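Student: Sequence:
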Amino acid sequence: FEDWWRGYKIVHVSEDDAQDLVHVSLQYFGYSPADFKDVDIVNIDGVTQRYKEYARVYHPDKGGTKEEWVGLVNHFAILSNAIRKRDRVFFVLKKKKKKKGVIPHT
Numbered sequence: 001f002e003d004w005w006r007g008y009k010i011v012h013v014s015e016d017d018a019q020d021l022v023h024v025s026l027q028y029f030g031y032s033p034a035d036f037k038d039v040d041i042v043n044i045d046g047v048t049q050r051y052k053e054y055a056r057v058y059h060p061d062k063g064g065t066k067e068e069w070v071g072l073v074n075h076f077a078i079l080s081n082a083i084r085k086r087d088r089v090f091f092v093l094k095k096k097k098k099k100k101g102v103i104p105h106t
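Per full-length UniProt numbering, the sequence shown starts with residue 1, numbered consecutively.
Rather than coming from a laboratory, the hints here were simulated on the basis of the structure. No experiment lies behind these values; they were computed from the predicted model shown.
Heads up, simulated BS3-like pairs for lysine-lysine below, C-alpha to C-alpha not over 30 Å straight-line: (1) Lys85 <-> Lys52; (2) Lys66 <-> Lys52; (3) Lys52 <-> Lys62; (4) Lys52 <-> Lys37; (5) Lys37 <-> Lys85; (6) Lys66 <-> Lys85.
I would like the entire structure built from these sequences, with the hints used as guidance.
Tutor: As structure tokens, then:
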């Protein structure tokens with residue numbers, strides 16, 4: 001397994017470059033970057049389903065190449081991480097809005 005990933009390393013990028021990578025990953029999975037803010041369109045379940053469909057094509061055991069497989073895995077990692085961050089912020093903001101309308105007990 002290690003031979004697969006030999007030569008690949010984690011790279012830290014700027015916030016702007018990270019946003020560009022998210023846009024490229026969205027397009028890779030067939031989404032528009034403009035749709036990223038809509039949790040009903042771009043969500044972890046939909047991306048995971050597309051990942052599994054692509055894995056059936058790009059996995060080396062299924063006829064894909066190492067480069068195609070690594071590309072798929074990287075795009076999935078980038079996009080799933082971005083979705084989790086977006087959803088965490090969305091959840092916190094939603095929770096704060098609910099608290100504003102709550103009347104404390106006395």
